[in-house]
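Below, each chain spelled out in residue letters.
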Amino acid sequence: NSSKKSAESATITVGSMNTDYQVWKHIAESKEAKKLGLKIKVKSITDGVQLNNATAQGSVDVNAFQSWSYLETYNKQHKKTKLAALGTTYYEPMGLYSNKYKKVAEIPDGATIAIANNPSQAARGLLLLQKAGLITLKKNFDSATGTTSDINANPKNLKFKEIDDTTGPRVLKSVDAVIISNSVAFDGGLNVLKDSIYHETISKNTKDNINVLATAAKNKDNKAYQKLVKLFHSKAIQAYVNKKFSGTKVEVKKPVSYLED
Amino acid sequence: MEKVGTMASIVLKNIDVTFKNKAQTVNAVKNVSLEVEQGDIYGIIGYSGAGKSTLVRVINLLQRPTNGTVIVEDQELTKLKPQELRQVRKKIGMIFQHFNLMKSRTVAGNIAYPLLATGLSKAEINAKVTRLLELVDLSEYRDAYPSQLSGGQKQRVAIARALANDPQVLISDEATSALDPKTTKSILELLKKVNEQLKITIVLITHEMQVVKEICHNVAVMEQGQIIERGPVREVFINPKTALAKDFIETSVNIKKALERIEAKNSEWNSEKRLFLLQFAGEETEDGAISRISKQTGVDISILFADMDELDGITIGYTIIKVSGEKAAIEAAYNSFKAAKIKVETLK
Amino acid sequence: MEKVGTMASIVLKNIDVTFKNKAQTVNAVKNVSLEVEQGDIYGIIGYSGAGKSTLVRVINLLQRPTNGTVIVEDQELTKLKPQELRQVRKKIGMIFQHFNLMKSRTVAGNIAYPLLATGLSKAEINAKVTRLLELVDLSEYRDAYPSQLSGGQKQRVAIARALANDPQVLISDEATSALDPKTTKSILELLKKVNEQLKITIVLITHEMQVVKEICHNVAVMEQGQIIERGPVREVFINPKTALAKDFIETSVNIKKALERIEAKNSEWNSEKRLFLLQFAGEETEDGAISRISKQTGVDISILFADMDELDGITIGYTIIKVSGEKAAIEAAYNSFKAAKIKVETLK
Amino acid sequence: MKTEFIDAIYQTIYMTVVSALFAGILGLLTGVALVITQEGGLAEDKLLYNILDKVVNLLRSVPFIILLAVISPLTVFLVGTSVGTTAALVPLVFGIFPFYARQIQAALLTVDAGVIEAAESMDSSNLEIIFRVYLREGLTEIIRTSTITVISLIGLTTMAGAIGSGGLGDVAISIGYARYENDITLAATLVILIMVFVVQIVGDLLVKLTERG
Amino acid sequence: MKTEFIDAIYQTIYMTVVSALFAGILGLLTGVALVITQEGGLAEDKLLYNILDKVVNLLRSVPFIILLAVISPLTVFLVGTSVGTTAALVPLVFGIFPFYARQIQAALLTVDAGVIEAAESMDSSNLEIIFRVYLREGLTEIIRTSTITVISLIGLTTMAGAIGSGGLGDVAISIGYARYENDITLAATLVILIMVFVVQIVGDLLVKLTERG
Ligand SMILES: Nc1ncnc2c1ncn2[C@@H]1O[C@H](COP(=O)(O)OP(=O)(O)OP(=O)(O)O)[C@@H](O)[C@H]1O
Ligand SMILES: Nc1ncnc2c1ncn2[C@@H]1O[C@H](COP(=O)(O)OP(=O)(O)OP(=O)(O)O)[C@@H](O)[C@H]1O
Ligand SMILES: [Mg+2]
Ligand SMILES: [Mg+2]
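Residue numbers (the working numbering), protein chains in the order written: chain E, 60 to 320; chain G, 2 to 349; chain Y, 2 to 349; chain X, 28 to 240; chain F, 28 to 240.
Source of the hints: derived by calculation from the structure; they are not laboratory data. Each statement offered as a hint is correct.
Away from chain F, derived, C-beta distances all over 10 Å, residues of chain G:
#: 1; residue: E77
#: 2; residue: K200
#: 3; residue: Q225
Pairs of lysine-lysine, DSBU-like flavour, derived with a Cα cap of 35 Å:
#: 4; chain 1: Y; residue 1: K183; chain 2: G; residue 2: K194
#: 5; chain 1: G; residue 1: K183; chain 2: Y; residue 2: K193
#: 6; chain 1: G; residue 1: K274; chain 2: Y; residue 2: K342
#: 7; chain 1: Y; residue 1: K342; chain 2: G; residue 2: K296
#: 8; chain 1: Y; residue 1: K257; chain 2: G; residue 2: K129
#: 9; chain 1: G; residue 1: K193; chain 2: Y; residue 2: K344
#: 10; chain 1: E; residue 1: K138; chain 2: E; residue 2: K312
#: 11; chain 1: Y; residue 1: K31; chain 2: F; residue 2: K235
#: 12; chain 1: Y; residue 1: K258; chain 2: G; residue 2: K194
#: 13; chain 1: Y; residue 1: K296; chain 2: G; residue 2: K296
#: 14; chain 1: Y; residue 1: K274; chain 2: G; residue 2: K186
#: 15; chain 1: Y; residue 1: K242; chain 2: G; residue 2: K257
#: 16; chain 1: E; residue 1: K215; chain 2: F; residue 2: K29
Glycine residues also receive a C-beta, built at the ideal position from the N, C-alpha and C atoms.
Please put together the full structure from these sequences, using the hints given.
Okay, here's the thing in structure tokens:
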């Protein structure tokens, strides 16, 4: 039925990872995609840097895994091969989890907290800790690349362990608390809204953490690619995402300009 | 189990060794039985590939026989547990055809190796190694590594190592074949000495008949995995029963060669000019048979070839003589040799 | 560059070989010059560690000399480029002391190895290998691997391999030392044959004087890295100049041993019972000196020990005789031997 | 899931076989070159030896994930894309061949010097000695070593998920491990295990077949 | 940054040295056991050989990242935590020792059978033969092989960042690579390179010192 259309529109390669990969796998095979005449091939690429490189270089057309701040960091370092956001997708709150303590206040002096070892996740985690009242950060803290060395005050003398963010749920038993991004937590059977002892809420402050679809800057206006944004926000897909991820992936339907200011 | 007499140091009974390859089955040793008495020096000869090395490797069970019983110093090795087997092996020194030295140890280290497990002190080991080094004349190579030694030097190290543990049985697989005559001689004297003084039983593979003559008391002749002849060296030398033993003896004294040469040179033989092969084996030679018979019968005797030596107290040997004189005198000479218990054969 | 006469196949000039180790410096070969003529069979003897192997390895530059010039078949190897060197090496076959067979190739494969680079067809190589296998009597082991061979069999494979390429020069480092007498004999005959028929120059290390006697024309005696004596085999045998050469010859004929024995047994020597050592070197023996002199002077002569053989066309050898008779007759006999150009020495 | 799994098996086999082939050739060449150019080697060449030695060490020093990134321009140049199963071949080859080169070097050094010498005396050229002696006499060791290398390579393929290689390792990690689907991890690991066993068994068999005492 | 970098160097050295020590012991034991229990070995034991052979293959089959996870209960049991530099030791040891065992196995198989036989004839016990013959005669090969293994181990430490191991690999990847600070990647890789060279040079030196023709 859609074979006539697909002749003119080439296959779009979407690179993704973790839960996003599942989502896009689903999207690729959905009726909605066919209706829009999109032929989508999804590739699992588990390293963000590689995935962005591949997108800029053209091996991947569109990628779906990163937050706005992750994208900005990338663009800062790659002036010649910039990426552009096609549109926003969703927001998922990062959470602070602990097996030992039920409340933030219970976290004792000298506790060890595991944070992600990649820059945007780490900075985002630190901001979360600040919000939870555990630390204060320097004034000029960069929400994309800030590190533990930008901590201004650490009244509880917390210790930090940088880990691969995908191992978060696995190290829960070894440390006092872990900051885990939602897609990892979800895979690990944790619902951020129920199981975390503290988590992000959507606000202006966390807009950097809104996830986007990205492509090479020169393809920014590619019609077919832009259809992917529309596709993601279609009812059927959102219903799937909500059900599958128990509402932890909160749809964000904003223009790209919302992020840029 | 049959009890073995205490006189026999080594008893091999019905030994078979079969090597199985993908394609081939080699019966390297076939139903060989052998008894070597305490204090004996037993030679094993045979052509290349006869199974000699394989047979002696059975003695300390380096080669497990496919069939058969091995008894050394009254212990049936084939029935021992590893731990016990090691106790018996301690009594068996072995000199390998290919030396098998440890390349990571110096000459002294190689010789000291078997002493490491004996509980001797460092100083004692050192003293012993020094003595052994002197014995094989390698004192100045004490700290050299095998790769820096000549072939003969390597073999001498191997010999010293085999003696280090004061074995009761010494097995030597062509231990002197890479050695020059002087070293060979000194090694053989050494073997003889340890045999006589320490009553060590020696089994010795060689292809040099000279070695057999010089130090062995008994000898076994192997062919195609079997012992085809055996006995006291003297008897085998004087009266070889098999073609192979004869061959060995003949080639060892070079008679055949001499004969060919003599025949090639002297073509005219007749009733007054004969070629005799004399074979001495006994006290007769001492009596000067050749000169006596020459005088008695009046014939002229030229010695064209001679190889005479003593063996186990008895002079034996071969001589090829040209006898010239009257026909009757020559006949008389022939009979005189016979009467003197010298085997005589008219070659021409 | 000095032009070398065409008669010399191998010329070594002032060769030094020094091995340097961390601690030690070994002068394995010291200022050795050697010429081997085309078609010669040149023996090299010497005690273990004398430097024989090192010296012959210089001939095909397996061992680069520290100093000196190597000329083979009129080409100065020390000056050749690798490519050219290979062309010359093709003409030099080598039999190694330790075989150096390739364990991954069958017997046939090992022998065929040097033929692989010659451009011969498979069938031709096969035919040649078959011939060589027959030559060394190993036809039935064609498809065996070296690990399945006895020591002597391995050495025969090495010999066949060295001959495969029809070399003009053959270097043999104790090629027969692991062989039984029969195989040794057949190999020596083989070497002699290739030497005579194909005019191959042969340099041969051995510690068996028998081998030198049997096939060498010239011989060099090495000691501590130097050639201390050299010349035609006959001359060296008859008239050894150095103590080492004498020693070699004596040990090879076992006179010393015989003497000891004889002296131990016969204690009473007097003016009417003397012990002579006769040394033959020439045609005299053919005349039956012993029998003639015995008849002429009336003394009784007993041959206690004899080792006489032909060397390069001349019979040479040692005989120990007991001479009994009147004092004057014994003196006459002594003089007669002298007159007959036989070296005679009164031992007792 | 099932077809994905089968795809993953196919991808792992594809990556292993193809990169083993290329890395094998490169590694053999480099290993042989190391042996013959070293001090006392057939074609002693200090400079070349030092260069090769250093390059091998250099390549072995770079963490694989960084190698993936550093090498990606070459990957694009060679296969047109920097992600996917085929793109993984390039870093895999560069990740494993230096290791294999070292292994080959060690294997060839076990060949008896006397045999090399005999070949030299039989006027063999260096090339002939390499092919007819070193590689042949060292064959058993080379096989042993290749077995170790191929198994290491299978391990390495599991790390190429970063550039979308796919394959069992990727399935085990990005599905089984990340989603705590232990069955999948187990199943993928099991299949890898079977592959490792097959390689080991084939290797052992070849060792037995080629071993000549 | 500077102290972090120095810490990272220290951590890498710490991980390499300590896990090399343990993996060395385990690998040696396993390698020796493989050699002596194999067919025709000193203490032939089909069952034990097969178990060891399979276990080694099994451990080599598990992707390192999965090994990290699978082994974490053991890690917690042994060092009390599953993250951090010390916790990395356990998976590093299990990641490298099976590989080392295979290398040791290959190294020991190059020891001349005749020499083993000679030792047997000199009433050496199996233990004596292992220590006085196999390990000594095979020493040069063992050193060569250990060099390869330590370098592989340094490579492996760069992958333990997932469990917060720290170390140069982690710096190179999580700071240099992930934050696009190429200087740091370069610097870290360079230090790793220097370490690899030091290991290689020491290894080569030891080989030369122990080689006896
Ligand atoms: N491991 C083996 N596998 C197969 N065949 C073998 C093996 N070892 C020896 N043989 C064969 O067994 C036979 C006897 O070999 P052995 O080494 O005992 O001979 P040998 O009498 O010692 O000879 P040499 O005097 O040449 O040393 C030979 O034919 C040989 O090919
Ligand atoms: N690679 C080496 N390093 C150091 N010294 C060596 C080396 N090769 C030989 N030598 C020494 O050089 C000397 C001569 O050795 P060579 O092998 O030439 O002796 P040979 O006359 O052949 O003795 P044999 O009759 O025992 O074979 C010996 O003293 C030996 O120790
Ligand atoms: Mg033998
Ligand atoms: Mg020599």
